[in-house]
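Residue numbers (the working numbering), protein chains in the order written: chain A, 1 to 411; chain B, 412 to 728; chain C, 729 to 1064.
Just so you know, the hints here were simulated from the structure itself, not pulled from any lab data.
One or more of the hints may lead you astray.
What the hints assert, rightly or not - Once the Cα atoms are required to be at most 20 Å apart in a straight line, the calculated EDC-like pairs of lysine to aspartate or glutamate come out as:
id: 1; chain 1: A; residue 1: Lys363; chain 2: A; residue 2: Glu339
id: 2; chain 1: B; residue 1: Lys714; chain 2: A; residue 2: Glu217
id: 3; chain 1: B; residue 1: Lys722; chain 2: A; residue 2: Asp311
id: 4; chain 1: C; residue 1: Lys1060; chain 2: B; residue 2: Asp665
id: 5; chain 1: A; residue 1: Lys169; chain 2: B; residue 2: Glu671
id: 6; chain 1: B; residue 1: Lys676; chain 2: A; residue 2: Glu339
id: 7; chain 1: C; residue 1: Lys836; chain 2: C; residue 2: Glu888
id: 8; chain 1: B; residue 1: Lys535; chain 2: A; residue 2: Glu166
One letter stands for each residue in the lines below.
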Amino acid sequence: MDKENKMSDQRRQRQLQKIGRETQAEFESTRSQLQQRKDYRPEWDYFLDLLMRLFYPDALQVAVDKPVVEHLCNQAPFELFHAMGVHPARLGSGSFNVVRVSSSRLPVLMCPYLKATMGMFELHGGSRLDRLYHVVPTTCDWVVKFPEMADTVQTTCFLELPHLREDEKGQKRWLEEIYGLVRFLEHQTGRKLKRKALKASVQTFMHAWEAVGRLIELRRRRLLSGIWFMVAINSFLLDPIEIWTEHVLKLLDAIQSDSPQPLHQGLFLAGSPIVFPNFKLLNLIEAAGMDVCADDLCTSERIWPGGVCYDNSSCHGLLKTLAERYHRACICPTFADNERRFNSIFNTLEQHRIRGVVFHVLKGCHPFDIESFGLEPKLKQKGYKFLRIETDYVEEDSRNILTRLEAFSGI
Amino acid sequence: MVTNLRLLTQHVMFLVLTYGGRFGISLGSSLPCFSCPYVLGNGGTCYLMALQGNWWGLQMTWANLMSVMGLQLLTHLGVFILLVIILNKYWCGWICPFGTLQDWLTYLRRWWGIREAQFSWLTKDRLKVIKWILLAYTLLIPLLIAHAGWHYDLHLPFCRSICPAKPLMPLFIGQTRHLALDSTNTVTLVFSILSVSIAAGMLVGMFFKERFFCLFCPLLVLIHIFRNVSPVRFEKNVAGCTGCGNCHRMCPMDIRDVHEQKTDKDVISEDCLLCMTCAEACPEDEVLTIKFFKWRLFSSSRKYMTRRFTKKKVSHG
Amino acid sequence: MRRSSKQTCKLPGIGNRLVFKRSLIPINEFFKPRSSFDVSIIWIVFILLWPAMATSGSDLEVGGLCPQYVWIDCAQQSRHKNGALTQYYHISHNADIRPDCLDARDYKVLYRFRIRSKPKKHPYGFDLVTPKEGYYSSPVLCGKDGLYFTIKSEGNNIVEVFVVASCGRKQFLAHVIHPIFGKAPHEKPVQKGAAQLPQGLPRLRLGPKFSVRSMYMQTGRAYRFEYMSKYTTAKSVSILENQQHMASLTVSDDGTFAYTPPHDPKLDRSGPYDYKQTVVLVEETGAKREYATTHTLLLHRSYLSHNRLNPGLILFGAVFLAVSLIVVFNRKYRWI
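With these hints in hand, go ahead and build the complete structure from the sequences.
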């Protein structure tokens, strides 16, 4: 019996090593494809190096030189982690290969984003010694069950996310959760949250937001392609925020000094998250002669709700501000009172003369799936084009998607 | 920029309305703001005193109403209405010296890092009715003195028993006598006890809660009545609102109406001071707009919001 | 204090008076319709009494006696439609005797305005520019309450009124000074009058100088008077109020004396514009005549004397502390 178990473990190890090599190759090849693009410039190397840390988590640990707290989704305020002296690292993977690590133990129709995340988790389990805790807001069902599947329930701080946020009860409950997170972090780090540190963190992220705002502006003017924007924004939180912001500003100066030419026809990308190295849809969109000049993906433009403005600079006031900002401004479709979230899409379409929306749905991602059916008639009523693309972490449907995109661009 | 302009306007008007009389400035007695008449040497006085008073106000007999005094009443009322129509809520958010005092207390509290007191939504809604009650109190008692023979010591009921500006604003000219208890008779004693107690309570309230007294201000009600005829407009592009809630959070009066409004474009609510903080904090372009007739005075924008709330120096936490 | 609806007005300035006593002479009884027997009896009495009346002279004798003093009793005010204000005054003898209508010709009423100088620095300020000479006359009229006269003011003015009379050897001078708040939009410029005060009469003057604040005369405040007379004989000063002698004062060598009206609880319970009339009487015997000079003080309740600052500050501090503690201890989360 022991011998059988031992053999099974060895097989498992070999399987993991193989998948690890293939995943590494996947990361490297995606990176080199990007470096071979015509619009590549050396300033992008910094961001590409950061994206490799999604595969080499220890590199992140070394770079930030702080305890790292992993989190799912975007509702836990990043500023809070920063003020407590820990670095927030987002759990999420776009690797097609790493899905195989745990797919046999997971439902077939599970969200592939989380399957890949689980796979990466298992792949690097041994080296995650410093990641002693996780923060998980209870957004969708898969996210809620993730700690159980990853066997990290004991070290997870659950934040019970109220799905109704326009009423007082929901806001109060979320603030209680944030206070709970503060206590959790204080207990884990042995430090107290200081008002000045929190205020400074808010300002640090505001500077980052300002830089991102300028990037977005370039993108809207079609002077920055959707893929490169995704590269920059996916690398958010893979380095100390101050350093990342500096590099974004340098990049902006470099791009603007070149006076680049406007790119293809722009479109709006909405729906399920897209993370490096899963740039399949972005590449297909480019191949179809279009470019993503706006999106509201939670791993892209909406990776964090943006600038925080506060009038109450006490500790409680700042926490309340962060809680409200991360709760109310979140575009996640798990919220029940989410009707105004479409307004940002309509605004962007109107202001930047974008003709169409491509809605990306990952198989098993039910909230976005449902939302796409709500958005489509509203867009069509306003005269915009709409295309729903349901896909998975596979390459086999690429041709089919390309055909549909080409047809969409011609309409 | 809007905030700096507002700060400048508030401070200039505070000086003008508190000390202007000493330099020959007199903006009249029909001002729609709390420029206290008990501050000797002021540059203009609050209309509430005239409204309650027996010279130009409700405490006037029918006989006097039919004479030139009635004409003076109408003149003062007309000037008041005109001023309210032209500037509407700007009187509250940009000019009122008592509002400026409240803002100073707020800045002090923020500087010390003490957090603001919060009311629940239910409590806040319940508190709204108090300003109507105070307005009724302000209007009815002078009428009862004039026509039902109530004791004359009940005159100026709002100024002498409720308004916290009466004991507090004269402190800016070194006058403490309105903090004294007037033991002339029972009515004056009760009025002075109420006045001093309410001033003390309000001072605490104004420190812990931004613009606390404005929740109860009867002048706000009078100004709000004329909002529909005023050329000042505060509009929301409801289709552009993403529901981020910045406007609700930043509002000194904790007004939810701007955030919650999903159909109408007119969002100037009863408690609004037109301080324009919500429009400054709105991260979406051209969602909140303040207009004067057709001219756009200010419109929300993402760039402005980012610039406004990003400080230049950052200290690493 | 109960207000008499006929004799009070609801305007500030003079405002509401306390109830005062009516005249004791039943004048109206003489004029009701009578039978021929009654008329004949009246004529017989008249003829018998005629010599007595004829020998009394043309002065203010009542029953052959001169009154002790004459004083000006401020009565009601009447507001005109254009905003001008007319003040009514009664002429009274002693405590409560009203002179007969037949004596109207014996009184001389003189008044002048203390006009506002230009430019006006404050809407309710009086920059007192005293015309040195020149008074207006006002006719003395007969009403159902006795002799009265009126003074009309278009704008805000301070009026100074004198009533001069004589009775045998006695010379009377009554004086009052008070503001009249007229509200006419177009105020006619006040001219100097043509009449003059009789020379040689002793004068009782509030001094040493006027100020706006003294126009709101109030209890608890010291008022200095200056009695100007060419005689150096002894003078007696009496303070009379509500027909009662309240105090006696002595005149110093320079002719001045001071009086501080005490606080009156009844006046305190009335309104801020209610007043009571206190008469300051100075009597003097000269070489050939006796002089009775009165000044009517219109006293309001004290404006500031009842203010207690220390209890107010203690109350303020206590409420401040109590509310602060309630706010702080009711906080659920950390407050910093």
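Evaluated hints:
{"no.": "1", "hint": "Lys363/A / Glu339/A", "in the structure": "violated (23 Å)"}
{"no.": "2", "hint": "Lys714/B / Glu217/A", "in the structure": "holds (10 Å)"}
{"no.": "3", "hint": "Lys722/B / Asp311/A", "in the structure": "holds (13 Å)"}
{"no.": "4", "hint": "Lys1060/C / Asp665/B", "in the structure": "holds (19 Å)"}
{"no.": "5", "hint": "Lys169/A / Glu671/B", "in the structure": "holds (15 Å)"}
{"no.": "6", "hint": "Lys676/B / Glu339/A", "in the structure": "holds (18 Å)"}
{"no.": "7", "hint": "Lys836/C / Glu888/C", "in the structure": "holds (14 Å)"}
{"no.": "8", "hint": "Lys535/B / Glu166/A", "in the structure": "holds (16 Å)"}
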